[in-house]
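Respectively, the protein sequence lines represent chains A and B.
Just so you know, we're using the numbering used here here: the first sequence kicks off at 2 and counts up by one.
Just so you know, we're using the numbering used here here: the second sequence kicks off at 2 and counts up by one.
Any given hint might turn out to be false.
Since copy identity is lost for identical chains, a pair holds within one copy or between any two.
Cross-link-like lysine to any residue pairs, in silico, SDA-like; alpha carbons within 20 Å at most [to be verified]: (1) Lys314 x Gln33; (2) Lys330 x Arg28; (3) Lys227 x Asp100; (4) Lys128 x Val101; (5) Lys330 x Asp286; (6) Lys227 x Leu35.
Hints were generated in silico from the structure; no laboratory data involved.
There are 2 protein chains.
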Amino acid sequence: MNLRIPGPIPVPDDILGAMATPMMNHRGPEFQELLHRLTDRLKTVFDTSGDVFILTSSGTGAMEAAVVNTLSPGDKVICATIGSFGDRFGQIADIFGADVTTLRFPAGEAVDVDALRAALSGAPDVKAVLVTHNETNTGVTNDLESIASVVKGEFDKLLLVDGISSVCSLPLRTDAWGCDVVTSASQKGWMLPPGLAFISFSERAWQAHAEAAMPRFYFDAAQYKKYLEMGQPPYTPALSAMFALDLALQQITDEGMENVFRRHAEIGRMTREGIKALGLSIFPDERIASNTVTAVRVPDGMDADELRAAVRKDYDVVLAGAYGELTGKMFRIGHLGMVDPRQITEMLEAISGSLAKVGFAPAGAAVG
Amino acid sequence: MNLRIPGPIPVPDDILGAMATPMMNHRGPEFQELLHRLTDRLKTVFDTSGDVFILTSSGTGAMEAAVVNTLSPGDKVICATIGSFGDRFGQIADIFGADVTTLRFPAGEAVDVDALRAALSGAPDVKAVLVTHNETNTGVTNDLESIASVVKGEFDKLLLVDGISSVCSLPLRTDAWGCDVVTSASQKGWMLPPGLAFISFSERAWQAHAEAAMPRFYFDAAQYKKYLEMGQPPYTPALSAMFALDLALQQITDEGMENVFRRHAEIGRMTREGIKALGLSIFPDERIASNTVTAVRVPDGMDADELRAAVRKDYDVVLAGAYGELTGKMFRIGHLGMVDPRQITEMLEAISGSLAKVGFAPAGAAVG
């Protein structure tokens, strides 16, 4: 199976193999060594000298952790959203009692930094801005550096970032840009199965934590920090995924972060060029198109889900669908983690071969 | 390594192997089939016709889920605790705003049902009782059937049960006893690595959910129920552990729950007899001693942690320590999941061989 969804990603064989490592005592000396090694390398990937913790949860759990560790009920926050994962971030803050102003941009667009600046200008009592770096549901990467320069540089607000599908794939300079909390999850660029989430905290985030009154127990970062000093997790961790993370981080740091980013950029470009060559179009403007997930608009009259079904049935290539009003009009291709260019070629051939089935003569074939 | 701590447990090779299964689309048809199969078998293990959900978290996450899905800030609850995991249950309820009355019993004792009855008689406005079935930190199993008959039968209160180290090892009749919410975690009797938690909800628990005002997002059971009807998880799940769970549940249901319980009872008895034969004593009264974890009291003047270190160094057998005021006075032996009696014999020999090292002539050796 050529699994081309934006997570879970196909996990390299050696990393899958590490998932089968026998158990150890998570309160013993070997684990202590493992935890410190993982934490050091996570800081390299997050590009931070702040704290990074490993949670046993999906990325959504880390989003909840970002909110409940830094905010109090009644705190005014701006949620700048460009899709359903951005909406989710605001929804979590709302449920835990924050006073959320939603700054929503149309599907396929990125956050307009001027609109964000205007919103912040008009709301001096805002405490934090919540934003998604890479919106998996529309295939758009926000210009987080510019967003951060407004949120931090111009207004000095707390910046909470959903980096779930960007950290370890796209450049995200946590400290240099001033991101206070950044989240990620293992089934993305990390080359791992799902099951772990990661979260970073800046000094400023800890100051917010000291005042933050939202209730929290399982996701309380203070417990993770306290136990990390003893080389332990507060609660029994997902050991198997941590053994696999150990191998993945070794490979990632050996490769070097800039090379990891370059690799993702090249695969992203290759995917977009291939899709256009088939006569299909990239959903967002290419200048904001993500290098981890490509959203593809199908021509009017074509059912994207029918195309996906044909690709699956005839070629065993699995693509992701779209949600809400875009259902059937769009499909999505995941290309995070270790992607062999041949997997992209194979996928493009599968789409090409299936287009006729759904009544569309591919451009490539026409040219041929 | 003979890992004899009360979780993580040594995972059988075939189940470890299943952890290395390649990824699939968690929103696709194969996963749907897997999720329904897992859910059906989980209901068999939980002995319930109610709902059972799989969470990506440690057991503590499931304890938080039990609280936030059924209670509102200000709700009066009784936390009947016999150790640190019981204390944690009450602490979670307190942090999320419940009005918690703690009914604490001394370490090594079980919940006194008469004391619980008296507490409930004196507090008619109590909404729920929180209790640990099997207290891992003291090696005591509560008489949950009697507790439930008081809480449900006599007072008709909501009953939230931490069954983390009992479900799938010790008899826990969720429906027959009237347990409204029961939690467990994969690294216990389930024969799995840590990373998954399980939680059941009765009809009554859902009624409580409808009124419960504590904030919840990641652990909101309503989302798990809604998505389960579509054959999906609300958030990307820990697939690897679910593949392993599939194999483990196949083996467990093939063996039959009563045989699983009998196996744990036999290993528990064998462990206690062996420990006594070495001249050491079981910490709790044997009538309430757990069949999943044995707490061993060492003679006055002996340092239990020194003994553990010797056992580890010379025999590669890993025992668990004790916490708080029992540190150094006690150690704990885990025997949940698939335990080969030879592993127990090996461990007893290791302890026997190490006792002299810490200045104690074992009874067995003296007799010999």
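Pop the pair Lys314 and Gln33 into one bin, within, between, both or neither, using alpha-carbon distances up to 20 Å.
Between. Shortest inter-copy distance 17 Å satisfies the 20 Å Cα cut-off; intra-copy 47 Å does not.
Could you figure out if Lys330 and Arg28 sit no more than 20 Å apart (CA to CA) within one copy, between two copies, both or neither?
So Lys330 and Arg28 pass the 20 Å test across copies only (18 Å; inside, 51 Å).
Alpha-carbon proximity context of Lys128 and Val101, limit 20 Å:
Cα proximity of Lys128 and Val101: one copy only (10 Å, versus 32 Å across).
Check Lys330 against Asp286 for me: Cα-Cα at most 20 Å, and say if that holds within a copy, between copies, both or neither.
within (16 Å within a copy, 67 Å between copies)
Could you figure out if Lys227 and Leu35 sit no more than 20 Å apart (CA to CA) within one copy, between two copies, both or neither?
within (17 Å within a copy, 38 Å between copies)
Please work out whether the CA atoms of Lys227 and Asp100 approach to 20 Å or closer within one copy, between two copies, in both situations, or in neither?
Close neither inside one copy (30 Å) nor across copies (27 Å); limit 20 Å.
The structure fails to meet hint 3 from the earlier list, while all remaining hints are met.
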